[in-house]
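Visitor: Chain residues, written in single-letter form:
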Amino acid sequence: MRVSHESTVRQSLREYGRGVAGGLIFALPLLFTMEIWDAALMISPEHLLLYLAATFCLLLLYNRYAGLRGDASFAEVAIDSVEELGLGLVVSFAILALLGRIGVEHTWPEIIHRVVMEGMTLAIGVSVGTAQLGASESGDSGGMDDDEPDCGVTYHYPAQSAIALCGAVLFAANIAPTEEVGKIAREASVGALVAILAFSLLLGLGVLYFAAFRGSNHHLPEREWTWMTREIITAYAASLAASGSMLFLFGSLPAAAPGLFVAGTIVVALPAMLGASAGRLLLQLEP
Amino acid sequence: MSPTDTPPDPPKKNPLEWTIFGLSLAILAGVLGILAHEALTGGDEPARLVLELGTPLADHDPIRIPIRVTNEGDHPAIDVRIEVRGTADGETLRSEVSFDYVSARSTRAGWVGFPGETIPSALRPRVVGYTDP
Numbered sequence: 000m001r002v003s004h005e006s007t008v009r010q011s012l013r014e015y016g017r018g019v020a021g022g023l024i025f026a027l028p029l030l031f032t033m034e035i036w037d038a039a040l041m042i043s044p045e046h047l048l049l050y051l052a053a054t055f056c057l058l059l060l061y062n063r064y065a066g067l068r069g070d071a072s073f074a075e076v077a078i079d080s081v082e083e084l085g086l087g088l089v090v091s092f093a094i095l096a097l098l099g100r101i102g103v104e105h106t107w108p109e110i111i112h113r114v115v116m117e118g119m120t121l122a123i124g125v126s127v128g129t130a131q132l133g134a135s136e137s138g139d140s141g142g143m144d145d146d147e148p149d150c151g152v153t154y155h156y157p158a159q160s161a162i163a164l165c166g167a168v169l170f171a172a173n174i175a176p177t178e179e180v181g182k183i184a185r186e187a188s189v190g191a192l193v194a195i196l197a198f199s200l201l202l203g204l205g206v207l208y209f210a211a212f213r214g215s216n217h218h219l220p221e222r223e224w225t226w227m228t229r230e231i232i233t234a235y236a237a238s239l240a241a242s243g244s245m246l247f248l249f250g251s252l253p254a255a256a257p258g259l260f261v262a263g264t265i266v267v268a269l270p271a272m273l274g275a276s277a278g279r280l281l282l283q284l285e286p
Numbered sequence: 000m001s002p003t004d005t006p007p008d009p010p011k012k013n014p015l016e017w018t019i020f021g022l023s024l025a026i027l028a029g030v031l032g033i034l035a036h037e038a039l040t041g042g043d044e045p046a047r048l049v050l051e052l053g054t055p056l057a058d059h060d061p062i063r064i065p066i067r068v069t070n071e072g073d074h075p076a077i078d079v080r081i082e083v084r085g086t087a088d089g090e091t092l093r094s095e096v097s098f099d100y101v102s103a104r105s106t107r108a109g110w111v112g113f114p115g116e117t118i119p120s121a122l123r124p125r126v127v128g129y130t131d132p
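Residue numbers (numbering that gives the first Met the number 0), protein chains in the order written: chain Z, 0 to 286; chain C, 0 to 132.
Just so you know, these hints were derived from the structure itself, not from any lab. Just so it is clear, the structure is predicted and the values come from calculations on it, not from any experiment. Worth double-checking, as some hints may not be accurate.
[To be verified] Pair by pair, the computed Cβ-Cβ distance ranges are:
1. TRP107(Z) <-> ASP99(C): 12 to 22 Å
2. LEU201(Z) <-> GLY42(C): 40 to 50 Å
3. PHE247(Z) <-> ASP88(C): 46 to 56 Å
[Stated by the list, open to error] Once the Cα atoms are required to be at most 20 Å apart in a straight line, the calculated EDC-like pairs of lysine to aspartate or glutamate come out as:
4. LYS11(C) <-> ASP70(Z)
5. LYS182(Z) <-> ASP99(C)
6. LYS12(C) <-> ASP70(Z)
The C-beta atom is built at its ideal place from N, Cα and C for all residues, glycine as well.
Using the sequences provided together with the hints, build the complete structure.
Guide: See below:
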């Protein structure tokens with residue numbers, strides 16, 4: 000990615016991480032939309048091919064004029080666009096599988112249709128996330144670039160926890176009132192819920208500490224595992240609190256069915272964790 | 000050759016980036032291939048639903064009977080409503096199940112329930128209706 004300069008493997012991994020985060024920020028509401036799941040099964044393969052081609056053209060345009068440096072060649076732009084499409088499809092597959100929207104009971108065409116339908120928005124998000132969500136070149140070196148805190152840090156645990164809660168509420172509020180939460184929660188096995196929980200934690204860890212996300216070095220300068228663990232647990236606690244509160248307030252799931260309510264809380268905590276990590280950093284102005 | 004005629008340098012990428020690019024290319028080629036194959040070989044036959052009843056489970060009330068619906072057509076069927084009729088103790092019983100969708104060349108499974116302890120005989124499933132996308 001961003002091939003107009005040679006990156007180290009570490010830098011590339013961070014760019015992919017930011018790309019995945021960006022893709023999820025853009026596409027999470029669609030990934031939780033029943034109409035999109037169903038529309039994917041109704042759409043003809045010809046239209047899906049057109050959608051894929053149109054998205055590729057959009058990625059070419061974005062990467063040419065906003066994503067890469069101005070001197071990037073067409074080959075570089077095309078290579079980046081292919082990578083972003085591939086990442087979008089892979090992330091789409093993973094999230095749909097995690098949410099139980101694709102599985103062994105589906106045929107290959109059904110799986111491909113759903114993955115492509117959701118993956119295109121993800122691919123655009125990957126492109127934007129890679130280009131725009133990284134640390135600015137001027138000040139914030141971001142994440143663990145040098146494994147040293149940036150100067151002018153603003154770390155304050157209570158403040159960061161509060162903003163994490165704000166981010167979690169912001170993202171959870173888009174998903175919690177929808178019928179899809181109940182559907183996913185009812186159909187999810189215990190194993191699937193554990194997988195969603197684990198993915199949420201990994202997502203938060205990746206965004207906050209490994210993707211060199213914009214502002215991460217200013218707001219989260221400490222890189223020791225004890226600090227990182229505290230931040231991740233706090234962010235996930237904020238996500239669970241936001242998720243459970245939203246489900247309760249909106250009456251999306253019956254509180255009288257504790258198992259279902261807990262399952263729904265874990266499901267909504269996935270987008271909430273994105274808010275408590277990426278959303279939190281985007282909510283804060285860079286110093 | 001003047002400086003302006005110099006061909007552009009090949010993209011500078013590390014091994015990880017080349018690997019991701021290669022995998023992305025392979026995934027895209029696979030997806031395009033499957034969609035193209037589907038587009039070229041898919042027919043235009045409307046949804047054709049075939050029903051199949053499984054072995055009833057009479058371990059508790061209601062008696063449950065598994066049912067599978069297979070769409071052998073080329074178009075999906077939306078809001079598929081299926082009725083199953085049977086006879087028990089001289090009385091005609093009726094149950095029904097619905098599926099949000101049955102896409103082309105796919106199978107969905109569900110259950111219908113009947114009250115009582117006697118497994119109905121002469122079970123006859125039928126598609127009540129469905130809508131086109």
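Visitor: None of the hints should be skipped; say for each whether it holds.
Guide: Evaluated hints:
{"no.": "1", "hint": "TRP107(Z) <-> ASP99(C): 12 to 22 Å", "in the structure": "20 Å, holds"}
{"no.": "2", "hint": "LEU201(Z) <-> GLY42(C): 40 to 50 Å", "in the structure": "44 Å, holds"}
{"no.": "3", "hint": "PHE247(Z) <-> ASP88(C): 46 to 56 Å", "in the structure": "47 Å, holds"}
{"no.": "4", "hint": "LYS11(C) <-> ASP70(Z)", "in the structure": "13 Å, holds"}
{"no.": "5", "hint": "LYS182(Z) <-> ASP99(C)", "in the structure": "13 Å, holds"}
{"no.": "6", "hint": "LYS12(C) <-> ASP70(Z)", "in the structure": "16 Å, holds"}
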